[in-house]
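Residue numbers (our numbering), protein chains in the order written: chain V, 28 to 343; chain C, 48 to 205.
What the hints contain is simulated information worked out from the structure, not anything from laboratory work. Wrong hints could be hidden among the right ones.
With a straight-line cut-off of 20 Å between C-alpha atoms, the simulated EDC-like cross-links for lysine to aspartate or glutamate are [claimed, not checked]:
1. V:K109 with C:E170
2. C:K177 with V:E111
3. C:K177 with V:D244
4. C:K101 with V:D244
5. C:K177 with V:E220
6. C:K177 with V:D224
7. V:K272 with V:D244
Partner residues aside, some chain C positions facing chain V, computed with beta carbon under 8 Å [what the hints assert, rightly or not]:
8. R136
9. Y138
10. N162
Pulled from the structure, derived: some chain V residues nowhere near chain C, Cβ distances all over 10 Å [claimed, not checked]:
11. E76
12. D101
13. L113
14. G122
15. A136
16. D142
17. D153
18. A172
19. V222
20. Y264
21. V294
22. S300
23. A334
Small disclaimer: the values here were computed from a predicted structure and weren't measured. Think of the CB as a built atom: it goes at the ideal place given N, C-alpha and C, for glycine as much as any other residue.
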Amino acid sequence: MAGLITMDDLTNDEILKILEDADRLLPVARGELYLPLLQGRILGNLFFEPSTRTRMSFETAMKRLGGEVVNLGDVKTSSVVKGETLFDTIQMVDGYTDIIAMRHPRQGAAQYAQDSARVPILNGGDGAGHHPTQTMLDLFTIKQAHGKLDGLKVILAGDLRFGRTVHSLSHALTRFGCELIFASPEILKMPPEIVSDLKAHGGDITETEDLYSMMEDADVVYMTRIQKERFSDEDEYAKVAGAYKLHTNDLSDVKAGMIIMHPLPRVDEIHPSVDTTRHARYFEQAFNGVVARMALLCKLLGVEVPADVQKAGGAL
Amino acid sequence: MSNEHSMRRVTAIRNGTVIDHIPQGQALAVLDMLGISDATSVPVSLVMNVPSKKMGNKDIIKVEDRELTQGELDRLALVAPDANVAIIRAYTVAEKMIINLGDEMVNVVRCTMSNCITANLREPLPHRMKVVSRDPLELRCHYCGRPQDLDKLVKNVI
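With the rest of the complex left out, here is chain V:
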């Protein structure tokens, strides 16, 4: 069964349908309604790299829908440390589960796992490659705030080179006709092959190092962390660490409806004073990870989300 490895695995219509399903599932995600659509199904959580939000939100999503979860656990205590190949690990988990959510430090690992597996794979991040389930929750958050995805002006800022969330998101936003501003230090620019791909698909793209002057008419400012763990050279990291720090002082001239997003965790890209402004959406965004992943689990397991969730569900 096909999984979700990159955003190319979904058409625009499928994306919109999943977002509609996610919207209907909100009361289930909040724990206000019991709807065991995935009862009897098992999710395998394979996180070969640290994860807090992605792993926990997959687990929450599955459990809110009545399903079960088995975890790889700490890689240091699994067979991986004994030298087991990804292929062998997947063969094993494929037999234990109905669907797999996976994060791996190497690029291409999710596609490799999908080619090795019978069950669908949900790519929860492969190296500096793709992170499509994050993109789905990002799109959900943007649509929730603006009521639409098309024609928005979106700034992606920070580490655009290694940041897999922005790689997947920029592809999706281009498909919906958004104008994109890539704001990053020179050494963390969006990879040229991604920029050329986006332009080949009609992308309206501006690359700059100056984040702040671009914010005035933006609809979304998507901040990312400069990822220390992706640098082999500490000096190189030190040169760009703290390149952008959003403070309430920077928000005086922005649009009233502009939202600030961040895949989290943050370091110092967004000052805590921004948290209480009307622009901050990153904590709602993190919550939306549950509802977006609920809709994705249903989609990939072939389970239809009822049109009337209230009628189909029951009290907890």
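We have chain V; now place chain C onto it with these hints.
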């Protein structure tokens, strides 16, 4: 100098394979792609940098007593996509073959990105390169999606 003169620089072979119109300087890469090394047991003649009406200069390889298969020849799409290949039997051209660049090259070269999942050589699935564009040639790893630098890629022959 005519093409006929170029061909005569080495003796005609009784049986085997002639690969003509190899881009200048690519003959050694062709041998690498075909897995023909100095340990090979059949005679191999190599002519480099000879004049060609069609190409300016070209390389030619003659492999005696071995008929290369279509699968072997298709590997050459990476370095000599327009080469002419002839199977020789009893000093005459018995068969002309065309190098086919399909939609994908399987187990010909390894991805050049060091962090690709296929860099772990113990992983058993095949190395797959998708052909994104034929002219100019652009290949991307099926797994990580990284566009490949062709100069680096030819050094990653399997």
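Unmet hints by their number, sorted upward, for this structure = Of the numbered hints given earlier, those the structure breaks are 2, 3, 4, 8, 9, 13, 15, 16 and 17, listed in rising order.
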